[in-house]
Amino acid sequence: MTATLTEPPVSPAAPPKGRNRILPSPVTGQELVLIGVIAVIWVGLALATPAFLTAGSVRPLLVATAPIALIGVGMTIIIITGGIDVSVGGAIMVCSVITAKALVAEVSLAPAVLLSVAVGGVLGLLNGVLIAYGRVHAIIITFGTANLFLFLGLQIFDSSTVNGIPQTFEFFGRGAAGQTLGVPNAFLITAVVTGVAWWYLRHTAGGRHFYAVGGDAHAARLAGVRVQRRQLLAYLVTGLLVGLASCFVIAQGTSTLDQSVGSGKELAVIAAVVIGGTSIMGGRGSVLGTFLGALLVQSVTSGVTQLGWKSQLADLFVGIFIIIAVGTDLLRQGSAGPGRAAGRVRRSLGTLTGRARRPS
Amino acid sequence: MRPARKLSALVALGAAAAIALTGCTKKNEADTGAAAGGAGASTSATTYKVAFVPKLQGVPYFEAMNAGGEKAAAALGNVEWLYQGPTQADAAAQADIVRSYIQQKVDTLIVAPNDPDSMAPLLQQAKAAGIHVATADTDAPNSVREAFVNQATADGIGQALTDSLLTAMGGSGKYAIVSCGQTAENLNSWIAVQKSYTASKYPNAQIVDVVYAGEDQAKATQMATDLMNAHPDLTGLVGECTSSAPGVAQAVQDANKVGKVFTVGLGTPQSMKPYLDNGSSTAAILWDVENLGYLTAWTGAQLAEGKPFAATNDVSPDLSAVAYDAGTKTLLLGPPLAITKDNVDKFNY
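Chains as they are written, first to last, in the numbering used here: chain A, 37 to 396; chain B, 13 to 361.
Treat the hints with caution; some may be incorrect.
[Said to hold, decoys possible] Just some of the chain B residues that point at chain A, by a computed CB distance under 7 Å:
#, residue
1, Pro-72
2, Glu-75
3, Met-235
4, Thr-237
[Claimed, not checked] Straight-line Cα separation of at most 30 Å, BS3-like style, residue types lysine-lysine; simulated pairs:
#, chain 1, residue 1, chain 2, residue 2
5, B, Lys-213, A, Lys-346
6, B, Lys-358, A, Lys-137
7, B, Lys-186, A, Lys-346
Treat the hints as calculated values from the structure; they're not laboratory data.
Note that the structure is a prediction, hence the values are computed from the model and not measured.
Note that CB positions come from ideal geometry on N, CA and C, so glycine has one too.
Sequences are here, hints too, so could you generate the full structure?
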């Protein structure tokens, strides 16, 4: 059986119904709820402060959402495989300080972006290799690398800030140069990456394998999924996205980069993923939800400021969202009852059958 | 097996949060070794070890203080200047460093506390171990510290910020403050002065909001943008610390409101230079940070030698009349400094 699965035969006879059954619906209930909550918040803010729904307010909000949502795409894939990455804050620091120094040395836009993405990729690859082949839980590994990255970042900062960063990255920034047809480029890029990842995770065999790894790695391995390769890929993709997001971070900052860059961002990204409905246990989740989660968090933060409320209320609301999101996820798992494990195996196998039917 | 797996995932999530919250205490171990190693190297009978623990190290502000302290140590000749701080403004990490200096039995321990209240018992512990204790940059008023090296009075800074901003705003209008840590005692004392001074001296001006961005530049910039949107008639912004001062100026620049919305802030000269040059920042209010470090080291030596402070002290050619207030045991560096595009190039930090 394994043999037939590892070499997927093209079987046009397979009924398309079967595919529909194993694919989750395009938009989950949690995502609909998130869209509803965001809509309510935006309408409420528009009524309370007339300036909220103006381009001058929404555009910066979308720009601020972009880095978290972009890294969130990678983090979602990692969490779907049952892993986690708490090193993204440190990775942002390393990517931004190297890239900022390159910008000061008058490196132009495209090479600087490539440099940042390459650095991020190397860091992600390190995480991926250690986790996929080290057989140690991802949280331990990434906690270790988080500290390594911070050490590395601080060494490169060399007890100083990076001053006089030129406007090379204004393409990703808040200003007029950072827009295409009035939409911020950083947000457009994030939306496109999210869309591609959504399609890939949902409609390709390779994408479904991430779910199989998180659903039950053992069953997935028996069924012929290259579990370690999938895990490695998840951390590598996250690293590459951290590299790109670091360019957004530089563009959103000032002409000075200090060592607080990236600090706490791992929690912000994980919060967006969890609020977006991705199960922290792995096996289930969507990048669309993460995108909405990041947008919700930033809307609440901006809304609290624009309403003139106390800044710490934003933390309170985000905390409540996380607890509600995780709570509903646990309830959903609990309601599956004792048949849950069997259901998971079935799901994994169904996933694989899906792969067999759809050659990639 | 299944429940165990679920449990481990939950434990992992909890650990993630714990790590993220406490991770900062671990970060600077690599740096600690080097500094501590150099510390015990040379101790003769006449050399006093003066240790300064900044809120965080590696930022230009405290590095400039360190440079001043080193200058003082070289000039005084009988001081070994030790400098070690956490890599993030974290009270627990700072406490670890203070404890290590207590164990090393330095002669004078000077701290710029992240959290004055939690630092007080540690200073007590240091004093009990026979170490002279003082504070610099940020005070711990309810502690046993023997002196506080004050860069400027809260009145001086609050009034200088308000005067600079309202001169640019034409003496009236609405403005908002983007502050950083909500519990930072010095920032809060300056904000209190800004509020009362604005109310009494500029009756036609109004502070519409005070928001807190932490030490996050991008967040400070976003909050400043949100404030401009929420108050379309806003004509002024104050960045209360070194990360929000360039942040508010960047927000004004991004929103194309240079000349319509004016900003001032507590910013270090080099980080403010581009914004002072393009007009998005009117002035940075600061003090000569190197001189503050110099005075800090000098104070440490005085305490170690057991010399009392005079009402005015001749510290160095630059600091020929440093006032000492015996009631509050405070040494005052002098009036704050307004850094504008005209004098910004005089400072290399």
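Each hint, compared with the structure:
1. Evaluation of the Pro-72(B) hint against chain A yields a held restraint, the C-beta minimum of about 5 Å falling below 7 Å.
2. For Glu-75(B), the suggested interface contact is upheld, since its CB lies about 5 Å from the closest CB of chain A, less than 7 Å.
3. Restraint check, Met-235(B) versus chain A: the minimum CB separation of about 5 Å is within 7 Å; hint holds.
4. Look at Thr-237(B): its Cβ gets to within about 4 Å of chain A, closer than 7 Å, so that hint holds up.
5. Proposed proximity of Lys-213(B) and Lys-346(A) is supported: the alpha carbons are some 27 Å apart, at most 30 Å.
6. Proximity of Lys-358(B) to Lys-137(A) is assessed by CA-CA distance (about 23 Å); at most 30 Å being required, the pair is judged to hold.
7. As the CA atoms of Lys-186(B) and Lys-346(A) are separated by approximately 18 Å, the hinted pair is consistent with the 30 Å bound.
When each numbered hint is compared with the structure, no violation occurs for any of them.
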